[in-house]
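Participant: As a plain string of letters, each chain reads:
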Amino acid sequence: MSAPRVALFVTCLVDLFRPAVGFASVRLLEAAGCSVEVPIGQTCCGQPGYNAGAREDARGVARATIDVLHGFDYVVIPSGSCAGMIRAHYPSLLADDPRYAAKAQELALRTWELTSFLIEVRGFVAPPGPARTVAYHDSCSGLRELGVREQPRRLLKAAGTAIREPENRDACCGFGGAFSVKYDEISGEIARKKCSALAATEAPLVVGGDLGCLLHLAGRFQREGRKISCRHVAEVLAGIDGPAIGEAGS
Amino acid sequence: MIPTSRQFKENAGRALKDTELQKALFRVDKNFTERRARAVKNLPEFESLRDQGVAIKNHVLDHLDHYLEVFAENVERAGGQVHWCSTAEDARRMVLDLCRSVNARSVTKGKTMIGEEISLNPYLAAQGIEPVETDLGEYIIQLADEPPSHIIGPAIHKTKEQVSDLFLEHHRRYGKTKRLTEGEELVGEAREILRPRYLAADVGITGANFLIAETGSSVIVTNEGNGDLTQTLPKMHIVLASLEKIVPTLEDAATLIRLLARSATGQQMSVYTTVSTGPRRPGDPDGPGQYHVVLLDNGRSKLLGSAFRDILRCIRCGACFNHCPVYASVGGHAYGWVYSGPMGSVLTPAIVGIAEAHHLPNASTFCGRCQDVCPMRIPLPSMMRHWREEAFAQDACTWRERMAIRGWAWLARRPRSYRQVARLVASYLAWRGRPTGRIADLAFARGWTATRDLPAPAGRTFLDLWRERGRT
Amino acid sequence: MTRDAILVSIRDALGRGPLGAEARDLVSEHIRRHARNLVPDRGNVDADTKVALFSRQIQETHATLEYVATTDDVPGAITRYLSGKNLPAKVVLAPALAKLPWNEQPLLETKVGATRGEDAVAVTGAFAAIAETGTLLLTSGAESPQTLHLLPEHHVVVVRRDQVVGSMEDCWDRLRAQGPLPRTAMFVSGPSSTADIELTHYLGAHGPRRLHVIVVDR
Numbered sequence: 001m002s003a004p005r006v007a008l009f010v011t012c013l014v015d016l017f018r019p020a021v022g023f024a025s026v027r028l029l030e031a032a033g034c035s036v037e038v039p040i041g042q043t044c045c046g047q048p049g050y051n052a053g054a055r056e057d058a059r060g061v062a063r064a065t066i067d068v069l070h071g072f073d074y075v076v077i078p079s080g081s082c083a084g085m086i087r088a089h090y091p092s093l094l095a096d097d098p099r100y101a102a103k104a105q106e107l108a109l110r111t112w113e114l115t116s117f118l119i120e121v122r123g124f125v126a127p128p129g130p131a132r133t134v135a136y137h138d139s140c141s142g143l144r145e146l147g148v149r150e151q152p153r154r155l156l157k158a159a160g161t162a163i164r165e166p167e168n169r170d171a172c173c174g175f176g177g178a179f180s181v182k183y184d185e186i187s188g189e190i191a192r193k194k195c196s197a198l199a200a201t202e203a204p205l206v207v208g209g210d211l212g213c214l215l216h217l218a219g220r221f222q223r224e225g226r227k228i229s230c231r232h233v234a235e236v237l238a239g240i241d242g243p244a245i246g247e248a249g250s
Numbered sequence: 001m002i003p004t005s006r007q008f009k010e011n012a013g014r015a016l017k018d019t020e021l022q023k024a025l026f027r028v029d030k031n032f033t034e035r036r037a038r039a040v041k042n043l044p045e046f047e048s049l050r051d052q053g054v055a056i057k058n059h060v061l062d063h064l065d066h067y068l069e070v071f072a073e074n075v076e077r078a079g080g081q082v083h084w085c086s087t088a089e090d091a092r093r094m095v096l097d098l099c100r101s102v103n104a105r106s107v108t109k110g111k112t113m114i115g116e117e118i119s120l121n122p123y124l125a126a127q128g129i130e131p132v133e134t135d136l137g138e139y140i141i142q143l144a145d146e147p148p149s150h151i152i153g154p155a156i157h158k159t160k161e162q163v164s165d166l167f168l169e170h171h172r173r174y175g176k177t178k179r180l181t182e183g184e185e186l187v188g189e190a191r192e193i194l195r196p197r198y199l200a201a202d203v204g205i206t207g208a209n210f211l212i213a214e215t216g217s218s219v220i221v222t223n224e225g226n227g228d229l230t231q232t233l234p235k236m237h238i239v240l241a242s243l244e245k246i247v248p249t250l251e252d253a254a255t256l257i258r259l260l261a262r263s264a265t266g267q268q269m270s271v272y273t274t275v276s277t278g279p280r281r282p283g284d285p286d287g288p289g290q291y292h293v294v295l296l297d298n299g300r301s302k303l304l305g306s307a308f309r310d311i312l313r314c315i316r317c318g319a320c321f322n323h324c325p326v327y328a329s330v331g332g333h334a335y336g337w338v339y340s341g342p343m344g345s346v347l348t349p350a351i352v353g354i355a356e357a358h359h360l361p362n363a364s365t366f367c368g369r370c371q372d373v374c375p376m377r378i379p380l381p382s383m384m385r386h387w388r389e390e391a392f393a394q395d396a397c398t399w400r401e402r403m404a405i406r407g408w409a410w411l412a413r414r415p416r417s418y419r420q421v422a423r424l425v426a427s428y429l430a431w432r433g434r435p436t437g438r439i440a441d442l443a444f445a446r447g448w449t450a451t452r453d454l455p456a457p458a459g460r461t462f463l464d465l466w467r468e469r470g471r472t
Numbered sequence: 001m002t003r004d005a006i007l008v009s010i011r012d013a014l015g016r017g018p019l020g021a022e023a024r025d026l027v028s029e030h031i032r033r034h035a036r037n038l039v040p041d042r043g044n045v046d047a048d049t050k051v052a053l054f055s056r057q058i059q060e061t062h063a064t065l066e067y068v069a070t071t072d073d074v075p076g077a078i079t080r081y082l083s084g085k086n087l088p089a090k091v092v093l094a095p096a097l098a099k100l101p102w103n104e105q106p107l108l109e110t111k112v113g114a115t116r117g118e119d120a121v122a123v124t125g126a127f128a129a130i131a132e133t134g135t136l137l138l139t140s141g142a143e144s145p146q147t148l149h150l151l152p153e154h155h156v157v158v159v160r161r162d163q164v165v166g167s168m169e170d171c172w173d174r175l176r177a178q179g180p181l182p183r184t185a186m187f188v189s190g191p192s193s194t195a196d197i198e199l200t201h202y203l204g205a206h207g208p209r210r211l212h213v214i215v216v217d218r
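Protein chains in written order, with the numbering used here: chain A, 1 to 250; chain S, 1 to 472; chain W, 1 to 218.
Rather than coming from a laboratory, the hints here were simulated on the basis of the structure. Yeah, the Cβ is synthetic: ideal placement off N, Cα and C, and Gly gets one too. One thing to keep in mind: the hints can contain errors.
[Claimed, not checked] Reference excerpt, derived from the structure (chain S facing chain A, CB under 7 Å, subset only): (1) Leu16; (2) Ser329; (3) Ala412; (4) Ala426; (5) Arg438; (6) Asp453; (7) Leu465.
If we strip away everything but chain A, and leave its shape as in the complex, we get (with noise of 0.2 Å):
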């Protein structure tokens, strides 16, 4: 069986603040048998406008992301966030467009969020990793519309990552997109409870898949001076140990 041929959609975040997660990315795609491309034009998924109710930019950003994205086995990305929009709103977002209804849809079928895709369709198993303890943040929109919460767990332990579940842990970090800018009051207090849970487990890393929630989580540590990290989910997998989120030298 020949390798597949993955398109790795990073996510605007990634390029932009993150590029490990890009390369941790790859390196897991590659050890569960990929042959990884990453498309050049690639830009952002449209979330921003779409949730901007900018309905009309955001359909334009989708047609030139799924011509981007065209042709290739399956699209990867790290992030349940931007994998949702392609997978849950790419498809109702361009019903009414006939030139992209069904290649909106076609997307859809071949896109997939990062630990689902190891573990989903690669049945990948994380080679063991150093022994630590992790809490575990999900990103709501991987968790409630991809259904992302045992795989990430999965391939962490079996890399021999011990995990603690902060209380009320289906709760939102606050973060949200431009939420987090227009209303800061409101996204700062419900970082608050979120670290705050997240840091009553002890644990001296918190892991995620979604880099939004996780540069906000990790700037609001930083901000309440606690001594926490937070890492996407791929670095921790890959074995990627450089300085972690919004540490120094990062």
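For chain A, the structure is supplied; the task is to place chains S and W on it using the hints.
Facilitator: Just chains S and W, lined up with the frame of chain A:
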């Protein structure tokens, strides 16, 4: 009530600084979510019941005209009357006329959100008819002269100490001069003071959780029994309900009742679930002599044909409030109108207009937990997104937001320019983040840095690094 | 007329005119058949288990419960309940229970009929009881004044074993068999309570503070 939804941000800011409110909200967050989860776990059929509940409500909405006619016929057959009202003003007027027809001086009220929606209390009071709220929560906020902050717990934002103060202040006229500190005593005093009010009232007004077409009945669900006393003791019972409360049969009501209390308070059944049909019967030793249903549209028939139709399935359980991170942070009053929480963020713009209420659907992280726990599986986030689209189309957002979105959309379709801008931003932020790796204050992103640091990027974008390594 | 304006507005929103005769019949059939939806399995058990399930669950809602052998044992049980609670030996009875041998309790003062709140203890029957949720169904009528179910501090409800049914749907069947619905059909699961102060549970908000159930074997 006059909406203050435009001031959502200011309202929310105040709420976040209100330490008493924050204590109260912490209780909501903790209690209700755990209780609901337990109740759902204890009923294996819960998910299937949800599917059936959705189907029942969808069927009703498809045939709403028919079921309303059948309902009205059956109310009349049982000796009651239905009064159709298009607007809040019509409904207030109708209630007043009914009260005047029996020379009412005082009316008792069970909890009715429609009563809040049409601002009934101040209207009746201005006409010389004293409205007395009997649900303990409603009674407390009536004393405090505040709107409800939660659809099933109107006074959920009040602490026991605040209730003690209110009772001391307002119960003096009944000769009560001791400040009570125990919950038990407070409940007892409210009971003692309200009992004669029930007996003296000329008219009792309740809401309805359901209206049953088959029998022409109204159904109320309470734990206190206040609604039952309200509708039993006076000579006239007025039911205030909106159109979409209709269910076809008693069997359909049973299905929804199984969902309601579990979703709301985590009880299997509320203490009292009462089906009322018509006035007292010949030979009945008690009960009201007249039964009236004031049926309110107030824009709902229009919603039926809109993208917001699904909100008409709402059974007002409050589960979406109890699982909403935004509600849990700011409470109900910040939303600035009668309905708050996620369902309010969808319904309020439909009633008061998106220009007034544009913040409400925008102030959501789209975490989706509301839809997850909604017994009627109402797609609240997508309807909020739809309101955002209306707001964007109607220019209800700021010029800056609009420019930001337009700029982003332009760039996102031009990969080369996009990469250049990303490159600049990444290196600027990396520079700003030295040497700590984070940025504590960023002039053009104060929205971010007001409440958290911004983790700085490494300085190079992934796409640039990837291309350099020759792997395109 | 407002009624017609609202109906037209609904039909406009639905994109159709009034339902045609055939469509009306189809929808009316839904009401005529009043078919059951999914009824949870829990109440679908034999008669003895129903009674046990009802008893257990209503006690979980802060009600108290006892069994007696026959309806003739009810007056004695009432006397014991009152003395156990240190209450005056005085009750108001629903007419449905007036024929029980109350005269065998010489110290017990009884009256029959509705109340305006002057009575501390009411004793009434029930229309049915539901195993699935531990719920009583109390109907209003000449034999069972609704005020007795609500105003006294203590409410004692006498239920026969054969009145215990599986579900709310079983109650609807029994109610329909009786003719038109009574003015009120009130499902009661426990004594009156409130959680409106700091979400703490308190008994006796406006209705009965205590609910006591007497299950009669025969």
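Participant: Now, for every hint given, state plainly whether the structure supports it.
Facilitator: Against the structure, the hints come out as follows:
1. Leu16: Holds, because the Cβ-Cβ distance from Leu16(S) to chain A comes to roughly 6 Å (cut-off 7 Å).
2. Ser329: 4 Å, holds
3. Ala412: 4 Å, holds
4. Ala426: 5 Å, holds
5. Arg438: The hint holds - Arg438(S) has a Cβ within 7 Å of chain A, the shortest such distance being about 4 Å.
6. Asp453: 4 Å, holds
7. Leu465: Nearest chain A Cβ about 5 Å off; hint holds.
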